[in-house]
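Chain A is fixed; fit chain B onto it per the hints.
The listed protein sequences correspond, in order, to chains A and B. If you're matching positions, the first sequence starts at 1 in the numbering used here and goes up one per residue. If you're matching positions, the second sequence starts at 1001 in the numbering used here and goes up one per residue.
By construction, these hints were calculated from the structure, which means they are not laboratory data. Any given hint could be a false lead.
As the list claims (entries may be wrong) - With a straight-line Cα cutoff of 20 Å, these simulated DMTMM-like cross-link-like pairs (lysine to aspartate or glutamate) come out:
no., chain 1, residue 1, chain 2, residue 2
1, B, K1113, B, D1029
2, A, K304, A, D91
3, B, K1223, B, E1198
4, B, K1223, B, E1156
5, B, K1223, A, D471
6, B, K1124, B, E1156
7, A, K145, A, E232
8, A, K394, A, E437
9, B, K1187, A, D58
10, A, K394, B, E1179
11, A, K442, B, E1052
12, A, K394, A, E430
Only a predicted model underlies this, so the values are computations on that prediction, with no experimental measurement involved.
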Amino acid sequence: MSLLRGGLRPPSEPPPGMAPAKPALERSGPHLREENTLLSAPVESRSFPERAAGATRDRFLQQALTIATTRFVASRDEVFAAFPQGDALRDRARQIKEAVLQRLDHYLEELTANVERAGGHVHFATTAEEARAIILDLARRNQVKLIVKGKSMAAEEIHLNEALEHAGMAVAETDLGEYIIQLAHERPSHIIAPAIHKTKAQIADLFARELRREVAADPEVITGLARGTLREKFLQADMGITGANFAVADTGTIVLVTNEGNGRMVTSLPRVHVALMGVEKVIPSMTDLVIFLQILAKSATGQKLSSYTTLVRGPRRPTELEGPQELHLVLMDNGRVRQLAGTLREALYCLRCGACLNVCPVYRQIGGHAYGDTYPGPIGILMTAMLRGTPAVKDLAHASSLCGACAEVCPVRIDIPRMLIELREHLDREKIAPWPERLLFKACGWLLGRPALYRLAAPLARLGQAPFVRDGRIRSLPSFFGRWTRTRDLPAVAARTFGERWAALERGA
Amino acid sequence: MVTCLGDMFYPEVGVAIVRLLRRLGVAVDFPAGQTCCGLPLFNSGYHREAREVARRTVPLFRESEHVVVPSGSCAWMVKQEYPGLLADDAGAHREAQSLAARTWELSQLLVRKLGVTRLPSRVKGRVTYHDSCHLLRGLGEAESPRTVLRNLEGVELVELPGADQCCGFGGSFAVRLPEVSTSILDKKLASVESTGAECLVACDAGCLMQMGGGLARRGSRVKALHLAQLLEDGA
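Here chain A stands alone, though its shape is the one from the complex:
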């Protein structure tokens, strides 16, 4: 039985002429994983549960997360409450995403033809390594020294900055949040708010250290300083690199949704513009774009629309005064195409709005870094499984209380809790889950099928708990059970269970 809506469908073939199509599927597997693991070798050796526990003790992190996520959630709820057509548009957006996946090859082919018709170039990258190689090659051919970047999770996914810097090029992040974490030598901890884990005071300290001067913990002062530095970079840069929120197949338009206007500068000032996107970001038409734009910013920040929506169609035309001389679109598979026929298919609907992070009780306690990979939060667990394989989410798959808040706010209604349960099922089936856990659950399953034995559980538990019970409560238990009792009392097993009282109740007592 397939628990996922939609079930299995045959994988669609990438369009001819554009892809190393077949190798795409053949080369996935060990090769891909090995290469990715090498690159993302964790900086720290702590396990996920240790990182998560550590994060709950970080006061600054707790303060920053509570303030930011509370504000995001309140704004989102407010803007949707005043937008009655929102629910229908979300349904429509979901349908469009599914329709695109069913004919992904067709839409990618159409997109490619139309980008090329407008004078741009399209590249297809099967793996992260190929995507990096394509972009590095473009940079070298254009003798690029300085690159300005718009915010891009796809670029984070392939660790692009490290690769470019390793090749001797300077990279300047131009989104304020990305700029902050670049200064701090960190990685984004939220899909749309990369520096969400930092407080104002921490950011002011960071700028002060960098600029060797006093900096007030005032967002306007900080933004002004960043803007001053970045203006110069925009003018000097030889190449601009962005992601893409959408790419419209029937016009060949790359769409960027931003709030700071940096996206516009990155795509128009440097000589060369390179946009990198996952293959699933293609949408059929401008009519569809309008649907997505109506729900994306609302879900992400609670704005009706973002401050800037940048539409890029081709490089500078002969009659135009500005725009890049060259435009390149890099379409990246990196584990996505395989999921067209996989259990994570629905995760390919994701618009990267971050709404599921903001409402997730786990994300709200531990922030993005504890997840340990590019994409944090509930959707991030699914993305990590997609990019690195199920064994990589052995612990992460359990980083959810399955409260369902993520599915409720997802603009395209991805059933994340169900997919997490599905991942857990996979962990058992493939014997990836630790054997003591598997043994315990299987023993429980066995016991629950035997009511006569189950009835012995309560008397046995009463015997076992006797030394620990005070006033009907247990305050401390050894070993594994201490995981509960360290912070919470446990009710004692009742003197008589409901089952044991039923005979008397039945007689009318």
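Relative to the frame of chain A, chain B by itself:
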């Protein structure tokens, strides 16, 4: 249906429900052979084991006109997951669908099926209500428990800020990531205490174990109670 946590830790809730329903003129039975609904197995990914629990449990209630469950999460399991788990076996699937249609969480049975909203209260004062995730988002039920509470004489229902946010229980989640679970709980309990309520009401044994355990550890004067415990003294 009285499921594992309710059976072992909160038998008084089951007893209160039996007495309440009898007073409302409902004949109550407790079919033998019940254990657990299988939700902990299902949510942790042990679907083969959960399927066997479902296969065993469904026929136990063949004779029951309606089935009342004290926990929203168990009701969700029976209503939303049993039919899917048994989809491979046409007969069992049909029977599971029938059980799903006859199964009610307590507040839903009272308000939506029996049409009872005015009930005598065993407590007085200020109470607040926590929405259990599976009842709220799983079964889409926010109103029935509030309807009952609002109509209790001598009881003032104060809305809990962030009532719809998880308490951090999540079954095995609570012991897999105990620090995260506790951090979520701490925020929930701070919110509970901000209401000035003397009593925190929920309709799920799991949430009550988590929030009740946290309140007791803090030495709080707030009591965590199941809705049924306000309606009838089950001692």
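Hints and how they fare:
no., hint, in the structure
1, B:K1113 <-> B:D1029, "18 Å, holds"
2, A:K304 <-> A:D91, "18 Å, holds"
3, B:K1223 <-> B:E1198, "6 Å, holds"
4, B:K1223 <-> B:E1156, "15 Å, holds"
5, B:K1223 <-> A:D471, "15 Å, holds"
6, B:K1124 <-> B:E1156, "8 Å, holds"
7, A:K145 <-> A:E232, "14 Å, holds"
8, A:K394 <-> A:E437, "12 Å, holds"
9, B:K1187 <-> A:D58, "15 Å, holds"
10, A:K394 <-> B:E1179, "18 Å, holds"
11, A:K442 <-> B:E1052, "11 Å, holds"
12, A:K394 <-> A:E430, "11 Å, holds"
Checked against the numbered hints given earlier, this structure breaks none of them.
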